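Residue numbers (the working numbering), protein chains in the order written: chain D, 1 to 344; chain Z, 1 to 344; chain R, 1 to 344.
Calculated from the structure, these hints are not laboratory results. Everything numeric in this text was worked out from a predicted model, so none of it was measured. Each residue gets a CB set at the ideal place from its N, CA and C atoms; glycine is no exception. Careful, some of the hints might be misleading.
Stated by the list, open to error - Part of the chain R face toward chain Z, derived, beta carbon under 7 Å:
| no. | residue |
| --- | --- |
| 1 | L109 |
| 2 | S124 |
| 3 | M172 |
| 4 | I200 |
| 5 | Q203 |
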Amino acid sequence: MVDSRFHPSDSQGLHSLASLAAAVGARVAVASEGDWVVTSVAALESATPQDLSFLSESKYRKILAVTRAGAVILRTEDMEFAPNHCRLMVSDHPYRSFARIGQILFPPLRVPNGIHPSAVVDPSATIGAGCAIAAGAVIGRGVRLGANCQIGAQSVIGDQVELGDDCEIGAMVTISHAILGNRVKLQPGVRIGQAGFGFIMDQGRAIPLLQLGLVILEDGVEIGANSTVDRGANDNTIIGAGSMIDNLCQIGHNVVMGAGCVLSSQVGISGSVTVGRGVRMGGQVGIKDHVTIGDGATLAARAGVIGDVPAGVTVGGYPALPLKEHFRQVAMIKKLAARGRQDS
Amino acid sequence: MVDSRFHPSDSQGLHSLASLAAAVGARVAVASEGDWVVTSVAALESATPQDLSFLSESKYRKILAVTRAGAVILRTEDMEFAPNHCRLMVSDHPYRSFARIGQILFPPLRVPNGIHPSAVVDPSATIGAGCAIAAGAVIGRGVRLGANCQIGAQSVIGDQVELGDDCEIGAMVTISHAILGNRVKLQPGVRIGQAGFGFIMDQGRAIPLLQLGLVILEDGVEIGANSTVDRGANDNTIIGAGSMIDNLCQIGHNVVMGAGCVLSSQVGISGSVTVGRGVRMGGQVGIKDHVTIGDGATLAARAGVIGDVPAGVTVGGYPALPLKEHFRQVAMIKKLAARGRQDS
Amino acid sequence: MVDSRFHPSDSQGLHSLASLAAAVGARVAVASEGDWVVTSVAALESATPQDLSFLSESKYRKILAVTRAGAVILRTEDMEFAPNHCRLMVSDHPYRSFARIGQILFPPLRVPNGIHPSAVVDPSATIGAGCAIAAGAVIGRGVRLGANCQIGAQSVIGDQVELGDDCEIGAMVTISHAILGNRVKLQPGVRIGQAGFGFIMDQGRAIPLLQLGLVILEDGVEIGANSTVDRGANDNTIIGAGSMIDNLCQIGHNVVMGAGCVLSSQVGISGSVTVGRGVRMGGQVGIKDHVTIGDGATLAARAGVIGDVPAGVTVGGYPALPLKEHFRQVAMIKKLAARGRQDS
Chain D
1 MVDSRFHPSD SQGLHSLASL AAAVGARVAV ASEGDWVVTS VAALESATPQ DLSFLSESKY
61 RKILAVTRAG AVILRTEDME FAPNHCRLMV SDHPYRSFAR IGQILFPPLR VPNGIHPSAV
121 VDPSATIGAG CAIAAGAVIG RGVRLGANCQ IGAQSVIGDQ VELGDDCEIG AMVTISHAIL
181 GNRVKLQPGV RIGQAGFGFI MDQGRAIPLL QLGLVILEDG VEIGANSTVD RGANDNTIIG
241 AGSMIDNLCQ IGHNVVMGAG CVLSSQVGIS GSVTVGRGVR MGGQVGIKDH VTIGDGATLA
301 ARAGVIGDVP AGVTVGGYPA LPLKEHFRQV AMIKKLAARG RQDS
Chain Z
1 MVDSRFHPSD SQGLHSLASL AAAVGARVAV ASEGDWVVTS VAALESATPQ DLSFLSESKY
61 RKILAVTRAG AVILRTEDME FAPNHCRLMV SDHPYRSFAR IGQILFPPLR VPNGIHPSAV
121 VDPSATIGAG CAIAAGAVIG RGVRLGANCQ IGAQSVIGDQ VELGDDCEIG AMVTISHAIL
181 GNRVKLQPGV RIGQAGFGFI MDQGRAIPLL QLGLVILEDG VEIGANSTVD RGANDNTIIG
241 AGSMIDNLCQ IGHNVVMGAG CVLSSQVGIS GSVTVGRGVR MGGQVGIKDH VTIGDGATLA
301 ARAGVIGDVP AGVTVGGYPA LPLKEHFRQV AMIKKLAARG RQDS
Chain R
1 MVDSRFHPSD SQGLHSLASL AAAVGARVAV ASEGDWVVTS VAALESATPQ DLSFLSESKY
61 RKILAVTRAG AVILRTEDME FAPNHCRLMV SDHPYRSFAR IGQILFPPLR VPNGIHPSAV
121 VDPSATIGAG CAIAAGAVIG RGVRLGANCQ IGAQSVIGDQ VELGDDCEIG AMVTISHAIL
181 GNRVKLQPGV RIGQAGFGFI MDQGRAIPLL QLGLVILEDG VEIGANSTVD RGANDNTIIG
241 AGSMIDNLCQ IGHNVVMGAG CVLSSQVGIS GSVTVGRGVR MGGQVGIKDH VTIGDGATLA
301 ARAGVIGDVP AGVTVGGYPA LPLKEHFRQV AMIKKLAARG RQDS
């Protein structure tokens with residue numbers, strides 16, 4: 001049951017099971033149940049009689065059988081396993097239908113439009129229509145915000161930074177030396193555009209190199225809490241459209257990442273790495289500088305990548321190898337250690 | 001010697017060696033030395049004649065022998081190894097006695113009560129007696145702070161968030177979608193309650209899933225600087241009472257952690273992991289999503305855990321194995337590599 | 001081509017190729033080309049006819065041959081491989097010359113001197129000449145800032161903290177219990193001086209230990225975004241002069257690090273580790289508590305260090321071994337797995 005204090009449901013009107021089914025291309029199994037009003041959602045295990053839930057895979061039928069949910073979204077072949085009290089919505093993609101219904105029931109909360117009196121906005125900044133700038137935010141010289149942007153409390157947008165339309169910047173974000181597309185979403189504490197880690201050694205002393213590039217975040221990029229993206233040295237650091245980056249990730253200077261990449265938490269990408277389109281990385285992956293990762297490659301969690309990865313290939317382990325090879329090594333070591341144990 | 005500018009000692013009165021010994025259930029070896037006034041503490045190596053120090057283990061007797069400390073807490077059997085100039089306090093648990101005396105001598109500094117004029121507090125918020133809200137802090141709609149809470153400078157407490165009594169929130173913390181118990185302590189830069197990393201792939205595009213849960217931090221939870229705890233998707237993310245989490249850790253959505261866990265720095269716990277009571281994790285541990293860790297288990301530093309860990313078991317390595325098995329593999333590899341070297 | 005909106009070039013005057021060559025001890029190959037005015041710089045691949053570029057190593061001569069750069073810095077032996085349209089500056093150290101010219105062309109931007117009206121500065125603080133304190137910054141009781149310090153927006157400088165001259169503190173930094181030398185540079189989101197992670201177990205409960213030390217950052221230390229440095233327990237945490245630390249690193253309490261160390265991103269150093277002078281660490285390195293790393297040692301990326309490392313030695317892998325030994329193990333495992341594959 002969703003806590004409506006924190007996640008208030010759509011205040012525009014009531015949503016019946018039938019109207020929601022229609023909205024997502026699903027159908028209500030028993031037409032007379034279509035009038036039931038949906039106000040909350042939950043997972044099968046924790047659902048109450050007030051909740052709409054879903055069965056994503058047939059292997060969870062046992063959980064379905066004992067759910068207390070008022071209604072469940074499921075596939076035709078799972079209908080017979082639902083308890084009698086459950087209203088049923090039939091969908092070919094129950095999880096996707098559930099996700100889209102959630103977005104109808106719980107539209108994103110908006111902070112009130114306008115500029116909070118405690119915000120500090122430079123007079124030379126251009127603020128688009130419908131923007132909301134929260135308490136304490138600092139907007140620098142020449143900044144340009146598109147329409148309907150939200151800037152969280154205390155966030156600092158540096159001189160000349162540009163945001164497209166509909167960006168959501170969380171609290172305590174810093175952005176400098178950067179150009180953001182539309183619908184970019186940054187969680188609290190994200191750091192964009194600070195100087196990258198570059199220097200040359202001169203008689204044993206590290207001399208910092210100028211970092212004269214920018215960060216480009218293309219449309220729809222989302223970045224998790226406390227992650228960091230450094231600006232380029234002589235070129236730009238670029239994150240491709242729709243890429244999703246989890247918390248506490250590090251993206252070094254001059255990284256160029258294609259569209260639609262997905263990075264789990266604590267990934268570290270060194271400087272000048274090239275990442276193709278649609279690349280997926282598990283948690284705590286690390287990539288050496290100047291390496292190239294091909295389109296659609298997958299880097300398993302913890303992979304330590306020290307050389308190029310061809311398109312479409314899945315690698316794991318350290319040093320990272322094609323996943324099958326990595327598994328073969330793990331199994332071989334296990335076997336040898338077990339044998340050694342018998343010998344001794 | 002403690003720098004009293006940064007760590008002022010108790011202004012309420014002077015503490016004699018005898019009174020401190022009495023307070024922690026220890027005794028002064030030579031009664032006439034009990035009047036010595038204790039004003040500072042230090043480790044044996046760096047102690048000055050003004051410092052009280054301690055010997056935690058007999059193996060450090062050589063350091064004891066040359067300490068300059070004015071007084072030392074130690075066990076009976078170590079007394080004869082102390083230099084003549086040292087006053088001695090005898091305790092069965094010297095380190096614990098030292099820790100408790102430190103808390104008497106250096107009571108926690110409190111920021112002045114009240115709300116700093118630059119803080120932005122929504123009129124609908126409820127602020128308990130004795131709270132201190134520092135400069136620039138932002139307190140949202142419907143927030144409830146218990147008694148004696150401290151909110152650090154610039155921190156942002158989102159709408160409806162609840163804190164129990166005696167919470168200490170550092171500077172630049174963000175909390176949203178969360179309920180905190182009593183005595184919760186968050187270091188600077190902690191991020192609580194932002195949306196977790198959830199999406200479904202739809203025709204190669206990642207569609208974000210609503211994150212409709214909360215974060216629950218039970219009584220006495222402490223979290224280190226710049227760590228992140230995401231709110232649950234359909235259920236809540238829960239950190240059990242008294243759990244201590246170090247800096248730069250990531251706790252994914254729907255993680256449920258029992259009481260009394262201890263996590264060292266840079267640990268990453270993926271979504272929907274279940275952690276029992278009293279689990280200990282070394283630095284840079286990573287845990288795969290949906291895994292269960294039993295009560296009292298220990299995950300050695302750097303362990304990469306991809307399957308369930310039974311209660312009480314210690315694992316290490318990647319993929320994580322029972323520690324003995326991990327060590328056996330490491331030794332076996334070493335042996336084989338050395339042999340290969342002789343062969344070649 | 002540098003984006004001059006974000007990186008405005010020196011407003012003091014024009015710089016000719018000849019004057020820049022003279023400033024860095026290089027020479028223009030064809031004297032008549034020395035009058036060319038340099039306004040921008042770029043890497044060879046992306047340079048335009050308005051850019052000065054450089055060739056760092058002869059192996060990139062193919063890139064040189066097709067560059068569009070208006071001028072290039074290179075060694076004598078590479079001159080014949082440059083395209084005809086390029087003006088040439090000859091240097092024994094092209095990269096270093098380029099770096100120094102960049103610093104002449106793009107002097108660091110300064111925020112305007114003075115204290116922003118929204119900053120909160122305690123009357124007992126001492127602010128040196130030429131300091132700039134940005135919007136929302138909070139300066140505590142007894143703080144002392146040297147001359148020409150910059151404090152970024154929202155940053156919180158705790159009571160009694162001391163900074164030397166010419167420090168650059170980014171936005172949203174927190175500093176407490178710390179003394180900083182001259183020319184210290186902290187990127188946004190850095191956390192300095194919070195309590196370290198220390199406790200003793202008492203009947204299964206973790207009792208926090210007082211953290212009564214400080215953080216000392218010596219002259220010229222630079223720390224990357226969202227990194228954390230805890231203050232010492234009974235002694236101080238010390239980072240040696242000129243050390244450079246990348247983003248998202250963790251430095252535990254009581255770490256003592258020598259001068260001139262270089263740490264890549266996501267390194268974690270546990271409490272009470274001693275690091276010598278000039279030590280280099282790759283990304284995601286982890287070091288166990290109480291370990292000692294000798295002067296000039298190198299820890300390869302991802303090394304998991306659980307024992308002392310002698311001066312000058314390079315280690316890698318986990319548990320970390322001398323690099324050659326680590327490579328030998330990796331090769332041996334690969335060979336055995338390949339053999340196992342043939343057998344099966």
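Now the hints, each set against the structure:
1. L109: violated, 24 Å
2. S124: violated, 12 Å
3. M172: Check passed: Cβ of R/M172 comes within 6 Å of chain Z, closer than 7 Å.
4. I200: Because about 6 Å separates R/I200 from the closest Cβ in chain Z, which is inside the 7 Å limit, the hint holds.
5. Q203: violated, 11 Å
The structure fails hints 1, 2, 5 (numbered hints given earlier, in ascending order).
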